[in-house]
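Participant: Please put together the full structure from these sequences, using the hints given.
2 protein chains.
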Amino acid sequence: MSSLGFALTIPARHGRAFEVSAGSTLTIIDVEGEQVADMSALVRADFTEFLSPRHTRLALGRLTLRVGDELQTNRRRPHLRLLDDSVGVHDILLGCCDRYRYELDFHVQGHRNCMDNLTEALAPYGVEPWRVPENINIFMNTIIEPDGRVHVERPVSRAGDHVTFECLIDSVIAISACPQDLNPCNGFRPTDLHVRVAPRA
Amino acid sequence: MSSLGFALTIPARHGRAFEVSAGSTLTIIDVEGEQVADMSALVRADFTEFLSPRHTRLALGRLTLRVGDELQTNRRRPHLRLLDDSVGVHDILLGCCDRYRYELDFHVQGHRNCMDNLTEALAPYGVEPWRVPENINIFMNTIIEPDGRVHVERPVSRAGDHVTFECLIDSVIAISACPQDLNPCNGFRPTDLHVRVAPRA
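The listed protein sequences derive, respectively, from chains A and B.
Using my numbering, read the first sequence as starting at 18 and increasing by one per residue.
Using my numbering, read the second sequence as starting at 18 and increasing by one per residue.
What the hints contain is simulated information worked out from the structure, not anything from laboratory work.
The reader is advised that the hints may include incorrect statements.
Just a sample of chain A residues kept apart from chain B, beta carbon distances all over 10 Å, derived [to be verified]:
hint	residue
1	F35
2	E36
3	G40
4	R98
5	L99
6	D101
7	G143
8	A176
9	D198
10	P201
11	A215
To be clear about the criterion: a stretch of chain B counts as covered by chain A if any three or more of its residues have a C-beta under 8 Å from a C-beta of chain A, and this derived list gives those stretches [as the list claims (entries may be wrong)]:
hint	segment
12	67-79
13	86-93
14	103-116
15	156-165
Heads up, the beta-carbon is just placed ideally off N, CA and C, and yes, glycines get one too.
Facilitator: In structure tokens, the structure reads:
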């Protein structure tokens with residue numbers, strides 16, 4: 018499948034997982050705008066190695082992403098290379114939303130959430146819930162103040178905006194179309210994402 | 018043991034793990050100054066719950082620690098409360114050093130490193146190497162520039178400086194006296210740490 022490429026829609030508030038081969042490109046498209054994509058990635062051959070924001074931040078010497086950056090695994094191997102980016106605002110700092118977040122901070126039971134989305138998407142690959150790797154948050158607009166305070170504002174992404182990564186290691190990648198509708202994270206309106214995987218030209 | 022409290026020395030470049038009961042205080046002392054303590058903490062009753070910097074950063078709305086802060090688990094429960102701090106400069110952003118870091122970035126084989134220290138310390142508790150939780154770095158001086166760049170400078174901690182946490186959940190805590198001597202992280206001179214665990218007064 019991946020040798021010919023494929024496309025899929027991630028419905029608003031839901032998650033999907035899929036395999037991406039080394040050398041393929043992964044494009045994530047914000048279909049309607051202001052929609053965050055929470056993403057975790059595992060090395061296909063060994064799930065104890067995975068995309069790691071905490072290693073990536075040190076390797077980049079930066080808390081933000083730029084075209085050309087190589088995101089690292091927890092064994093400091095280059096995992097994803099950012100090839101193209103029509104937005105330039107993403108988050109590699111904060112954990113994804115989960116049922117505890119909605120219960121404790123918003124007093125809402127049963128809200129859809131990225132952790133359950135990633136967990137459900139990765140379950141067919143045998144990834145237990147508690148070992149879903151740390152995520153990055155494409156299109157998420159986390160403001161870092163000079164004094165170290167952080168807060169999440171509406172995304173700057175507009176309809177059709179996208180990022181493209183080159184995948185450098187055969188991987189299983191999970192993406193959640195973030196269901197957060199109680200703060201500005203998704204402009205208060207969760208919508209679909211579109212994903213395209215293609216052999217690198 | 019923990020009901021009466023205990024003390025231990027973590028020799029330079031090595032790691033130790035120990036149990037801390039809810040309600041006890043954990044004090045980490047920089048014996049000679051400029052020594053970083055990489056720390057991971059797991060919930061004693063269920064190792065799938067652990068201290069989580071990525072959840073803590075969102076909960077605090079900040080990338081730095083202050084007295085009074087509650088550090089959270091990956092299930093957003095308060096895990097450690099910062100009671101006292103004679104330094105005020107710590108890192109909750111970056112992954113600990115590991116053999117890949119020394120091999121790839123410093124071209125050194127077999128260098129002692131925090132990941133192996135934490136792994137060896139936690140092995141008697143049945144924690145597999147790849148599931149050692151994300152660490153925080155006490156006394157580590159990570160500079161965050163206004164443009165999002167980060168770099169690690171010499172610690173500002175001096176001999177006898179300390180932090181004290183209240184432990185809010187029965188825990189297993191692992192601490193590595195960081196062996197990094199090839200950059201300013203520990204002032205180019207790894208030294209001992211001292212730890213005291215006591216019932217809260």
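Participant: If a hint holds in the structure, say so; if it doesn't, say that too.
Facilitator: Right, here's what the structure says about each hint:
1. F35: holds (23 Å)
2. E36: holds (21 Å)
3. G40: holds (22 Å)
4. R98: About 17 Å separates A:R98 from the closest Cβ of chain B, which puts it past 10 Å; holds.
5. L99: At roughly 15 Å from the nearest Cβ of chain B, A:L99 sits farther out than 10 Å, so the non-interface label holds.
6. D101: With a cut-off of 10 Å, A:D101 remains clear of chain B, as the shortest Cβ separation is near 20 Å.
7. G143: holds (15 Å)
8. A176: holds (27 Å)
9. D198: holds (17 Å)
10. P201: holds (14 Å)
11. A215: Answer for A:A215: holds, closest chain B Cβ roughly 30 Å.
12. 67-79: holds (count 8)
13. 86-93: holds (count 3)
14. 103-116: With 4 residues in contact (Cβ-Cβ under 8 Å with chain A), the coverage given for the segment 103-116 of chain B holds.
15. 156-165: Held - the segment 156-165 of chain B has 3 residues with a Cβ nearer than 8 Å to chain A, which meets the minimum of three.
Every hint, counting from the list given before, is met by this structure.
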